[in-house]
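S.K.: Letter by letter, the chains look like this.
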Amino acid sequence: MQLAVNVVVLASIYALISCGYVLIYKVSRVLNLAHGELMMLGAYLLLTTAASVSSNPAVALAVAALLSLSVGVLVYLMLMRRMTGESVLAAVLTTIALGILIRGLVTLIWSAQQQYPAAALKVANPSVEIFLGARISLMSLFLVATCAVVYSALFAFLKLTRWGIRMRAAGQNTLLAGQRGINLGGIYAMTWGISTFTGALAGMLIALDSGLNNSMMMIGLKAFPAALVGGLDSLFGAVIGSLIVSFIEVTLIQHVDPLLSDVVPFLILIAMLIVRPWGIFGSREELDRV
Amino acid sequence: MVLPLWAAVVALPPFFASPFLVDLACQFLLASIGALSLMILTGIAGQISLGHAGLMAAGAFTTGILFREFSAPFWITLPASGLAGAALGFIFGLPSLRVRGVYLAVSTLALHFVVLYGGAEYEVKRGYSSGILIDPPVLFGYEIYGGRTWYFVLVAALSLAYLLCWRLVHARTGRAWLALHAHPTVASALGINVARFKLLAFVFSSSITAIAGALFAYYRGFVSVEAFSIFVSIQYIAMVIIGGMGSLAGAICGAFFVVLMPYAIEAALDLLPGADLYAGSVFAVNYAAFGAVMIAFLLFKPSGLAGMWGDLRMRFGRRP
Chain A
1 MQLAVNVVVL ASIYALISCG YVLIYKVSRV LNLAHGELMM LGAYLLLTTA ASVSSNPAVA
61 LAVAALLSLS VGVLVYLMLM RRMTGESVLA AVLTTIALGI LIRGLVTLIW SAQQQYPAAA
121 LKVANPSVEI FLGARISLMS LFLVATCAVV YSALFAFLKL TRWGIRMRAA GQNTLLAGQR
181 GINLGGIYAM TWGISTFTGA LAGMLIALDS GLNNSMMMIG LKAFPAALVG GLDSLFGAVI
241 GSLIVSFIEV TLIQHVDPLL SDVVPFLILI AMLIVRPWGI FGSREELDRV
Chain B
1 MVLPLWAAVV ALPPFFASPF LVDLACQFLL ASIGALSLMI LTGIAGQISL GHAGLMAAGA
61 FTTGILFREF SAPFWITLPA SGLAGAALGF IFGLPSLRVR GVYLAVSTLA LHFVVLYGGA
121 EYEVKRGYSS GILIDPPVLF GYEIYGGRTW YFVLVAALSL AYLLCWRLVH ARTGRAWLAL
181 HAHPTVASAL GINVARFKLL AFVFSSSITA IAGALFAYYR GFVSVEAFSI FVSIQYIAMV
241 IIGGMGSLAG AICGAFFVVL MPYAIEAALD LLPGADLYAG SVFAVNYAAF GAVMIAFLLF
301 KPSGLAGMWG DLRMRFGRRP
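Order-wise, the sequence lines are chains A and B. For the first sequence, position 76 (counting from the first letter as 1) is numbered 76 according to my numbering, and the numbering increases by one without interruption. For the second sequence, position 292 (counting from the first letter as 1) is numbered 292 according to my numbering, and the numbering increases by one without interruption.
Excised from the complex, chain A in its bound form (with noise of 0.2 Å):
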């Protein structure tokens, strides 16, 4: 019982951070991979709202949270922009540009000690029990919630919204869409920021529950299996993709070596790269106009 809430509370976390990764590639085709690093920065961002905003957890948290959404926003206006019309390959490197910088800004401001914003906020984190002995700490139940909330939010604004079917439009065809009269400067914008906002409250969780020091990218970076295997393209996807990641990955370190927990997805990504590397649930014609 204990294994599947474990599996459950992982696959959350991949998730949450696989909906960015999918969102910037289904929009833009462009593979984020300084994600990890947008995600740790919201969740430094925290501290310093806790330090200085309010020491109210839910303003804190929203603070940061807008704060993180904010800097997905100059990110793309400031930086990724300018990289339209060059080659993937360079705006991939850009963004891993983006990345060493950020963990170094990062290193700098907050320094690379381990932090705990749970303190600052004097937030409880107390183990539940929920059922027939499984436990689960207090925050890994509220990430579980958030990521539900997030997706059941994500699936409704891109079915339902006049933007979120602006986005759709953007992400299947770029030029039709512009020609429609879709600002597709907004859309990739806003896309950005929606993307780092819910990368950033991943972090935010992550660091509410078990600490915070400047390798956390790692985490940031083993959720892109979860996004490749359900297909880059699919929101659905990632969270099967998740679940399957997560299920693997908790089996193996249980029944073989914990320190296969950092190479794990990546062996899971290898395998599908080459049995199916559109993914589970990806659309196979995406590939050919990357």
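Hints listed in this document are in silico derivations from the structure and should not be mistaken for laboratory results. Any given hint could be a false lead.
Footprint (simulated), chain A over chain B, 3 or more residues, beta carbon under 8 Å [to be verified]:
1) 41-53
2) 126-135
3) 226-239
4) 292-305
Far from chain A, by Cβ distances over 12 Å, these chain B residues were calculated [claimed, not checked]:
5) Val10
6) Ala72
7) Ser96
8) Ala105
9) Leu109
10) Gly147
11) Arg148
12) Thr149
13) Tyr162
14) Arg172
15) His181
16) Ala189
17) Leu190
18) Ala268
19) Leu271
20) Phe283
The beta-carbon is built from N, C-alpha and C at its ideal position, and this holds for glycine as well.
Fit chain B to the supplied structure of chain A, relying on the hints for placement.
M.R.: Just chain B, lined up with the frame of chain A:
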């Protein structure tokens, strides 16, 4: 006329320079070999790789393990490292036949973590948890030891690698790589076997990188996974970007730039008031500076240092 002059420029410095400078030169020479091989893969053949640190680690660990387990000599470990690199390049290049661009980037990233995991497992299981020690190699009865000797060995290795790359790039293979970089569909319509040349680029680049890794292991006399973090891969990418995509000479300029930059930053930080205040954050400054410089080059000078050199020559009335 040029050749002897060049030889003098290369051969004389180690007799005058301090051990620190010789070590710096050796680092630069090793980095240049890695940068050349990444330039072939990314700059010429247009395939991105985030796993170059992993490939170097593969070469270094092959050497370390062969030396520790079988006390294999230099003449066996070096080709074996190359073969190990080639095998990894083949396996991790396979996805590139079906997928392009971004997918490949993550496949090579996976390669990095898989190799490092393997290396760490070996270190732990065999009780070398702090790293594997390697004795200096013996060549023709001479023990290669000390910075000055290594300098000449590495100069020879770099010249060989450069010559090999130059020959490949300016031949059929290089033209095929450039074609599949520019437009894979057109390349295959022109009768180029895209799959074969992509894999060739991977295998060639990986084996050179792994050999560079093996040389690195011998030069340091020590192998440990810590030396091959993902930051090292990013440094190699920085060399290619800063040097200028598609230029072999650019790769060497890029390596020069990237190897010197941390020392320049450290020197600059020392000049600032309150130097000891920053002492702990040199690493972080390095990261940030690397990111900023890479972004600056990508945005404002995608053709890199090689492109700048071309501009200069144009300005002074000579065709580049």
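S.K.: Hints first: check each against the structure and report whether it holds.
M.R.: To see whether the hints hold, each was checked on the structure:
no.	hint	in the structure
1	41-53	holds (count 4)
2	126-135	violated (count 0)
3	226-239	holds (count 4)
4	292-305	holds (count 6)
5	Val10	holds, 32 Å
6	Ala72	holds, 27 Å
7	Ser96	violated, 9 Å
8	Ala105	violated, 6 Å
9	Leu109	violated, 7 Å
10	Gly147	holds, 30 Å
11	Arg148	holds, 34 Å
12	Thr149	holds, 35 Å
13	Tyr162	holds, 24 Å
14	Arg172	holds, 24 Å
15	His181	violated, 9 Å
16	Ala189	holds, 15 Å
17	Leu190	holds, 19 Å
18	Ala268	holds, 15 Å
19	Leu271	holds, 18 Å
20	Phe283	violated, 7 Å
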